[in-house]
Amino acid sequence: MKVLVVEDAVDTARFMARALEEAGHSADISHNGTEAEEKARSLQYDVLVFDRMLPGKDGLEVVRDLRKDAITTPVLFLSALGEVDHRIEGLKAGGDDYLAKPYSSAELVARVEVLGKRIDPDSRATLLKLGDLEMDLITRKVFRAGKKIDIQPREFRLLEYLMRNCGQIVTRTMLLEKVWDYHFDPQTNVIDVHISRLRSKIDKDFDHPMLHTIRGTGYRLEA
Amino acid sequence: MGKFDNIIAKLKSKLARRETGFRARFAEVSRTTTFKVARNFAILFLTFATLLLAYIWVMSFGFLNYDADRQAKQELNALSKIWADHGVEALNAAVIERAATANENLYVLITPQGAVMSGNIDAVPMDLSKVKIPDSGVPLQDSPVYSSSFNYARQDGDNRNHSARGVFLAGADGYGLFVGRDLGAGFVVAERVTSAVWSGSLAVLIFAMLGGVMAARGAAKRVDELSKTTKKVMSGDLSVRAPVNLYKTDTGDEFDALTDDLNNMLDRTERLVQASRTIGDAIAHDLRSPLTRLRVKLEDANIHAQNKDELHDALDVAINDIDRIVGTFNAVLRLSRLEAGQGAIRETINLSETLHEIAEIFEYSFEDKGLEFSSQIEDNIIIDADKSLLTQAITNLLDNAMKYTPSGKVQLIAKKQNKKTAISVIDSGTGIAPELREKALKRFERLDAARTTQGSGIGLSLAHAIAEAHDGVLILDDGIESENGKGLNVTILI
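Protein sequences, first through last, are from chains U and G. Per the working numbering: the first sequence = residues 1 to 223. Per the working numbering: the second sequence = residues 1001 to 1494.
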């Protein structure tokens, strides 16, 4: 995956690029909004990572202009402004995801990877399949190895998100945001509890586990 | 002598000072709205009075003069006919005859030498030097006629100075005939009216200025009140407010609206200033201790770690600490924003659904901790609220319930009460003693129990601020009594 990292703090940009490279991606760095816009227009990237406040041209403005010219490369905004209204501003400008500073490099990489896969959340598919795990989005039934699994509505949404992003690491914060629409961290570890419930339903009594915990980062669903 | 000079000098300087003082005061007064409005009123009325006077003048004197001119000319025509037909002697006889019985008409016939031949006044009341005697042979009716306006003293014992108009005809033979017409009583009336209008205008002018001052003073007084308020605010006292017009029933004029706006603006400014004042304290209070702990840990690892693994472990712990500190920081920021009256986005939400979702999320966590969790949520509670904030408030309360309830149960209850909605989180935990409850809601007052338990302890203050941002309240009460204590019932009433 080819990523453009636009961040004016030189150190931070370098660490970000290194984290992405260690995860197997290539990363270009730009410290300036105007330069970043040129790069984004002339080169093919899979994901653009934009700081909001940049020298040259403000990140929001650059993305707004790119979207005006039908450049649809997914954009992840990074910002020290993390309140709900800031987030809405970022999404309105054409961002696809918004991450408040400070963040962990694992969180950054996970989000970039999910964005780079360009999963359409409104995808028309009514049946999701991963290995021997099947999910019918219309009848809202889940089967593993042909065996029906009894599942709660909330678990269904959690599983749907994991299936759509199968093979990707998804972090706790991502689950909170995308599945529960929570933009703050509850102190109670609600996500872990839900994952362990879900795991006990889809993995217990089967030959191999599909839902893995990635230590210190999040989870991954694999065939 | 020297002493005398001294006194004079003193007096002079005193006078000079008084004069400059007066000038300064005048300059100050002349800048005020009261002065300007009064002045404009005066100018307006003065213009009006002048125009009125001019009109009266034209209508009265103009008419009188015109009438007198017409009659004088008529008489002159009649006489000039006699003069032309029968000569000067006949004219002289006619003038003598008419002057004897005349009352309003005035006659003078003069010889070429300028002597009066006949008539009822002493001389021709006009400057004759400009009169040109026509060339001989020019008929009388073609000779020029000169008009004049004059005053004269009557010979009939009426001592008043009379005004009159007259015409003079010079003949080619050198004789000259003057016929005048007294303006009569009409003139006196017109004069009286004019002077009445003049003095009336003066009165009107005074009233206009008084009216202006009164009208302007009302407005200026209100402006003064506002300006007094803003001056106090500028000097640093943000708690003053402009006096609101309480006694008048016809409130709602522009000044009331302005006063209202000013006061609302001050309310908001005061809140913002207070928030920015406390945010520094809050950050220091809520973040310094965890940062201190973090620093100690890192320093300790740096000095005492025996191997790489120990160092890595210490760094992992440090990263976790930082995440927690960031969480606290976010909460402090959100709280400050709320207290500054910012950050709540109201929309119509189905509270019942929101609460069911929250209950669902927490259900398993309570179960895992061995607590009995139940929710009683009335159906279809529709309210205007910030969903995200309200969710956070209730999540905080459930977090707290989980933390401070070692055993027993936790309930989430929502119902309509009159026109309000009550959302309660009730637990069978240790509870908060009644005398400590007020303290517990205050930002900087964390209870001892909270200090020893992990977490920022800011959750309850944040829930309180969120309730207030929804024009609601947060009430603390006894919960479910158990071996742990009296339990706690936190109700958000919005």
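Quick caveat, the hints were computed from the structure, so don't treat them as lab data. One should not assume that every hint holds.
[To be verified] If you anchor each label on the Cβ, the simulated ranges turn out as follows:
#1 Glu-61/U x Gly-1341/G: 23 to 31 Å
#2 His-212/U x Leu-1315/G: 53 to 61 Å
#3 Asp-1300/G x Ser-105/U: 42 to 50 Å
#4 Glu-1299/G x Asp-207/U: 44 to 52 Å
[As the list claims (entries may be wrong)] Partial list, computed: chain U residues near chain G (C-beta under 7 Å):
#5 Ala-80
#6 Val-84
#7 His-86
#8 Val-190
#9 Val-193
Keep in mind it's a predicted model, so treat the numbers as computed, not measured. Beta carbons: idealized from backbone N, C-alpha and C, even for Gly.
Now the hints, each set against the structure:
no., hint, result
1, Glu-61/U x Gly-1341/G: 23 to 31 Å, "holds (29 Å)"
2, His-212/U x Leu-1315/G: 53 to 61 Å, "violated (24 Å)"
3, Asp-1300/G x Ser-105/U: 42 to 50 Å, "violated (25 Å)"
4, Glu-1299/G x Asp-207/U: 44 to 52 Å, "holds (49 Å)"
5, Ala-80, "violated (11 Å)"
6, Val-84, "holds (6 Å)"
7, His-86, "violated (11 Å)"
8, Val-190, "holds (5 Å)"
9, Val-193, "holds (4 Å)"
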